[in-house]
Amino acid sequence: MMFDFCEKVIMKYLVTYYSKTGNTRKVAEAIFDTLPGDKQIMPIDMVENLNGFDLVFVGFPVMQFGPPPVIKNLVKKVGEGVRTALFITHAIPLQSDDLLQQAMLQKELEKCRSGFTKSEIGLFHCQGELAQETADELIAMNIPMLAEFARLRKQTIGHPDPGELDQARAFAKNII
Numbered sequence: 001m002m003f004d005f006c007e008k009v010i011m012k013y014l015v016t017y018y019s020k021t022g023n024t025r026k027v028a029e030a031i032f033d034t035l036p037g038d039k040q041i042m043p044i045d046m047v048e049n050l051n052g053f054d055l056v057f058v059g060f061p062v063m064q065f066g067p068p069p070v071i072k073n074l075v076k077k078v079g080e081g082v083r084t085a086l087f088i089t090h091a092i093p094l095q096s097d098d099l100l101q102q103a104m105l106q107k108e109l110e111k112c113r114s115g116f117t118k119s120e121i122g123l124f125h126c127q128g129e130l131a132q133e134t135a136d137e138l139i140a141m142n143i144p145m146l147a148e149f150a151r152l153r154k155q156t157i158g159h160p161d162p163g164e165l166d167q168a169r170a171f172a173k174n175i176i
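For what it's worth, the numbering used here labels the leading residue of the sequence shown as 1, then goes sequentially.
To be clear, the hints were calculated from the coordinates, so they are not data collected in a lab. Careful, some of the hints might be misleading.
[What the hints assert, rightly or not] As a list, the in silico BS3-like pairs of lysine-lysine whose alpha-carbon atoms are at most 27 Å apart:
#, residue 1, residue 2
1, Lys39, Lys154
2, Lys12, Lys118
3, Lys118, Lys107
4, Lys107, Lys72
5, Lys154, Lys173
6, Lys77, Lys20
[As the list claims (entries may be wrong)] Listed next, with one range per pair, are the computed distances between beta-carbon atoms:
#, residue 1, residue 2, range
7, Arg151, Glu80, 43 to 49 Å
8, Asn49, Gln95, 35 to 41 Å
9, Ile157, Arg113, 25 to 31 Å
10, Ala147, Lys173, 38 to 44 Å
11, Lys111, Gly37, 29 to 35 Å
12, Ile176, Lys76, 21 to 27 Å
13, Leu99, Ala147, 16 to 22 Å
14, Gln106, Val75, 17 to 23 Å
Even for Gly, the Cβ is constructed at its ideal location relative to N, Cα and C.
Required output: the full structure, derived from the provided sequences and hints.
As structure tokens, this is what we get:
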């Protein structure tokens, strides 16, 4: 008598994030809730190593035109064979007609991806809410471009919105 056995592969997932204002945490939670099976979620500063995970979702905001410093420490922990999917929040509207803003966003995303070139299997990004404190700091620098960017704050309020969180869930489903 022959038996057909279908061995089910159990994947182990980690969703880790750095969130200064809660935007990236919201996306992390949406992704985490979408994942099946063996999964963990934790802030990046609590991650000691990435051994034992089949797929790691890494989330963070764009800060000062690139990834925050804590990401550089995480990149050192990404060894051979660790697959990563990135999710990034930023304050630039995705539907902006401003070509300069869109070009700046693409440069920022490339900087954010640069540490993960050997391990990255996907990228999701969405608008997050620019914190009032950050907007005030940008205005106080007296740099016209940064002050103009800070004035976009009103357009960022409420982001990531429910539609963007649904897109994050779809991204996670597609990756797995």
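How the hints compare with the structure:
Restraint check for lysine 39 and lysine 154: the C-alpha separation of about 36 Å exceeds 27 Å, so the hint is violated. With a C-alpha separation of about 20 Å, the suggested pairing of lysine 12 with lysine 118 holds against the 27 Å cut-off. The suggested pairing of lysine 118 with lysine 107 holds, with an alpha-carbon distance near 19 Å, which does not exceed 27 Å. For the hint pairing lysine 107 with lysine 72, the CA-to-CA distance comes to about 17 Å; that is within 27 Å, so the pair holds.
A distance of roughly 31 Å separates the Cα atoms of lysine 154 and lysine 173; the hinted pair therefore is violated under the 27 Å criterion. Distance check on the hinted pair: lysine 77 and lysine 20 sit about 21 Å apart at the alpha-carbon level, within 27 Å; holds. Checked against the hint of 43 to 49 Å, the pair arginine 151 and glutamate 80 passes, with Cβ atoms roughly 45 Å apart. Between asparagine 49 and glutamine 95, the C-beta spacing of about 39 Å keeps the proposed range 35 to 41 Å intact.
For the hinted restraint 25 to 31 Å between isoleucine 157 and arginine 113, the CB-CB distance of approximately 27 Å keeps it satisfied. Take alanine 147 and lysine 173: their Cβ atoms lie about 40 Å apart, and the range 38 to 44 Å holds. At about 33 Å, the CB distance of lysine 111 to glycine 37 agrees with the hint of 29 to 35 Å. Between isoleucine 176 and lysine 76 the CB atoms are about 26 Å apart, so this pair conforms to the stated range of 21 to 27 Å.
Here the CB-CB span from leucine 99 to alanine 147 is close to 20 Å, well matched to the stated 16 to 22 Å. In this structure the supplied range 17 to 23 Å holds for glutamine 106 paired with valine 75, their Cβ-Cβ distance being about 20 Å.
Taken one by one, the earlier hints fail for this structure at numbers 1 and 5, listed in ascending order.
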